[in-house]
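Below are the chains, spelled out letter by letter.
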Amino acid sequence: MHILYAILIGPFVTMAREPAFLIEVLIGGLLAGVMYSLVALGFVLIYKASGVFNYAQGTMVLFAALTFVGMLEAGLPVLLSLIAVIAVMIVLAFAVERVVLRPLVNQSEIILFMSTLGISYFLVGLGQILWGGDVHPLDIGIPSGPLTVHGILINQLDLYAAIVAGTLVVALALFFQKTRVGRALRAVADDHQAAMSVGIPLKQIWVVTWAIAGLVALAAGIMWGASLGVQFSLALVALKALPVLILGGFTSIPGAIVGGLIVGAAEKLGEVFWGPVIGSGVEDWFAYILALIFLLFRPQGLFGERIIERV
Amino acid sequence: MSEPGSLLRVNNVEVIYDHVILVLKGVSLAVPEGGIVALLGANGAGKTTTLKAISNLLRAERGEVTKGSVEFRGERVDRLSPSDLVRRGVVQVMEGRHVFQHLTVEENLLTGAFTRRDGRGGIARDLEHVYLHFPRLKERRYAQAGYTSGGEQQMIAIGRALMSRPKLILLDEPSMGLAPQLVEEIFEITRSLNREEGLAVLLAEQNANIALRFAGYGYILESGRVVLDGPAAALRQNADVKEFYLGLGGEGRKSYRDVKHYKRRKRWLA
Chain L
11 MHILYAILIG
21 PFVTMAREPA
31 FLIEVLIGGL
41 LAGVMYSLVA
51 LGFVLIYKAS
61 GVFNYAQGTM
71 VLFAALTFVG
81 MLEAGLPVLL
91 SLIAVIAVMI
101 VLAFAVERVV
111 LRPLVNQSEI
121 ILFMSTLGIS
131 YFLVGLGQIL
141 WGGDVHPLDI
151 GIPSGPLTVH
161 GILINQLDLY
171 AAIVAGTLVV
181 ALALFFQKTR
191 VGRALRAVAD
201 DHQAAMSVGI
211 PLKQIWVVTW
221 AIAGLVALAA
231 GIMWGASLGV
241 QFSLALVALK
251 ALPVLILGGF
261 TSIPGAIVGG
271 LIVGAAEKLG
281 EVFWGPVIGS
291 GVEDWFAYIL
301 ALIFLLFRPQ
311 GLFGERIIER
321 V
Chain R
36 MSEPGSLLRV
46 NNVEVIYDHV
56 ILVLKGVSLA
66 VPEGGIVALL
76 GANGAGKTTT
86 LKAISNLLRA
96 ERGEVTKGSV
106 EFRGERVDRL
116 SPSDLVRRGV
126 VQVMEGRHVF
136 QHLTVEENLL
146 TGAFTRRDGR
156 GGIARDLEHV
166 YLHFPRLKER
176 RYAQAGYTSG
186 GEQQMIAIGR
196 ALMSRPKLIL
206 LDEPSMGLAP
216 QLVEEIFEIT
226 RSLNREEGLA
236 VLLAEQNANI
246 ALRFAGYGYI
256 LESGRVVLDG
266 PAAALRQNAD
276 VKEFYLGLGG
286 EGRKSYRDVK
296 HYKRRKRWLA
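In order, the protein sequence lines correspond to chains L and R.
Going by the working numbering, the first sequence opens with residue 11, and the numbers climb by one from there.
Going by the working numbering, the second sequence opens with residue 36, and the numbers climb by one from there.
Extracted from the complex, chain L is given alone in its bound form (with noise of 0.2 Å):
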């Protein structure tokens, strides 16, 4: 008895109790979220234009964050060396279409999958010869203290990243529905022949993904980067994604924000309320057991497509 009332009723009973501790975890916890649905939004974007699931999402995020450190420690300077990572991940994107997409075009989907996998160790690899292994620190010029709202304290690097994520989302939903090529991603994401088939080019469309995915890289592995440093845990920090996208569906632009945004504050608010009762430790995994409860009652996500059936 009294374990179950440590566990069902304990928690809210202290949340009720400080409000106003209750919010700023709610609010420290989404804020955490955001970030997480930056790295799932770059998931999604490959995923819907070419159906590869695309691991090395994660290893771009390092590799954009440790090229932008390598570049500011070279003393370039910050909006220059902005200019140059974006750059670099434009011509990844076409070095990918070239070595491993267009040899692989028709190949089943794990077999694109694997050959992401090995992107992942390339990139791994190739950004621990150019820049070293070390863990960088890097500064944007955002005052990391907290700020003080109405008594609630908000992490100011959290909020920004907030901004920036929020932009990013509404630019790319634009982009998606109301411009042409964006429409073509989205053709090429439903059906490649026929997309072929009206004069959509295959291998334009897969370096604009890439291209843009990149560009997510670089934004979510900067403020990644900012909070916890450069180093090569970041590329694991990503596989948080995964849960991301299952709560939110894979192909679902909304999706990955909003189950950012869900798994981000569930795990602060089951980390310190139930961390106590339960061990702590809950915000390592709590997040991969709600995507398995979501695996077995609703397999396509909050958002994702319906999988269309005519009978």
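Simulated from the structure, these hints should not be mistaken for lab results.
Check each hint, because a few of them may be wrong.
To be verified - One side of the interface only, derived from the structure: several residues of chain R facing chain L at Cβ under 8 Å:
no., residue
1, Leu92
2, Val121
3, Arg122
4, Val126
5, Gln136
6, Gly147
7, Arg195
As the list claims (entries may be wrong) - Have a look at the derived ranges for each label pair, beta carbon to beta carbon:
no., chain 1, residue 1, chain 2, residue 2, range
8, R, Gly156, L, Ile139, 50 to 56 Å
9, L, Thr189, R, Lys173, 22 to 28 Å
10, L, Gly143, R, Arg152, 44 to 50 Å
11, R, Arg114, L, Phe242, 41 to 47 Å
12, R, Arg97, L, Phe185, 29 to 35 Å
13, L, Ile152, R, Gly156, 44 to 50 Å
14, L, Thr189, R, Arg248, 41 to 47 Å
15, R, Arg111, L, Ala97, 33 to 39 Å
16, L, Arg112, R, Ala159, 32 to 38 Å
17, L, Thr189, R, Trp303, 51 to 57 Å
18, L, Val101, R, Arg226, 50 to 56 Å
Where a beta carbon is used, it is the ideal one built from N, C-alpha and C, also for glycine.
With chain L held as given, fit chain R onto it using these hints.
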């Protein structure tokens, strides 16, 4: 075999899949400017492969044109990418329709204009034009294409191809899985497009009956070879075609009891 003024000429094309499977064994055909040409044959005769060899969609399926050439308006086009071909005015409507299921009907049509560079005005005009030919699509313009009926999907596929402003449209099996009335409707629309806009059509069909009614000229394909060709009217009268493709025996309807006892041997096998 064709007059020099033809829009499309396929010369002795041989296609090999996966480096080993010989599917087309030297197919030649021609489509005149503004004509409707039917390509008839049973399952596996090579109709789809012929169309894909022309539109260059073969390469993505590990098929390769190993011999022969394809000329469009007198220029070799067999090394171009599908998107270059669309830009020049050759577009394929694939068998099985292949609409973009998660896009709306209108978005589907607009993807067809991807290769065009003439700006929004022209594209908007052509969209209205497609709706004029397919009023049903206008009613359903905001519906998700995956949820439209088979006939509507075929209309979307044709309309989408029209949005690229083609000179020649390669129609693969438009009658597949559709009710006879709808097949008739789609063929009528195709004919009016042909008459009003001079759109040339190369039509692959199993349904020889309807294809020969609408086409001006026909080719009959059997195991990767053209075995017979001629004006559609002549083909309709040909005894072999009647027996094997139109299902008309010498003495009218046949009983299923003796359907296996062919009295004729295909003359082109001799």
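Now for the hints, and whether the structure bears them out:
1. Leu92: This hint holds: Leu92 of chain R lies near chain L, its Cβ roughly 6 Å from the closest one there, short of 8 Å.
2. Val121: With a closest approach of 3 Å, the Val121 of chain R hint holds.
3. Arg122: holds, 7 Å
4. Val126: holds, 7 Å
5. Gln136: holds, 5 Å
6. Gly147: Holds. Min distance 5 Å.
7. Arg195: Arg195 of chain R check passes; min Cβ-Cβ to chain L is 6 Å, inside 8 Å.
8. R:Gly156 x L:Ile139: 50 to 56 Å: Given a distance of about 53 Å, which is inside 50 to 56 Å, the answer is holds.
9. L:Thr189 x R:Lys173: 22 to 28 Å: Cβ of Thr189 of chain L to Cβ of Lys173 of chain R: about 23 Å, so the range 22 to 28 Å holds.
10. L:Gly143 x R:Arg152: 44 to 50 Å: holds, 49 Å
11. R:Arg114 x L:Phe242: 41 to 47 Å: holds, 46 Å
12. R:Arg97 x L:Phe185: 29 to 35 Å: Hint holds: Cβ distance 33 Å, inside 29 to 35 Å.
13. L:Ile152 x R:Gly156: 44 to 50 Å: holds, 46 Å
14. L:Thr189 x R:Arg248: 41 to 47 Å: holds, 43 Å
15. R:Arg111 x L:Ala97: 33 to 39 Å: holds, 38 Å
16. L:Arg112 x R:Ala159: 32 to 38 Å: The hinted range 32 to 38 Å holds for Arg112 of chain L and Ala159 of chain R, with Cβ atoms some 35 Å apart.
17. L:Thr189 x R:Trp303: 51 to 57 Å: holds, 53 Å
18. L:Val101 x R:Arg226: 50 to 56 Å: holds, 51 Å
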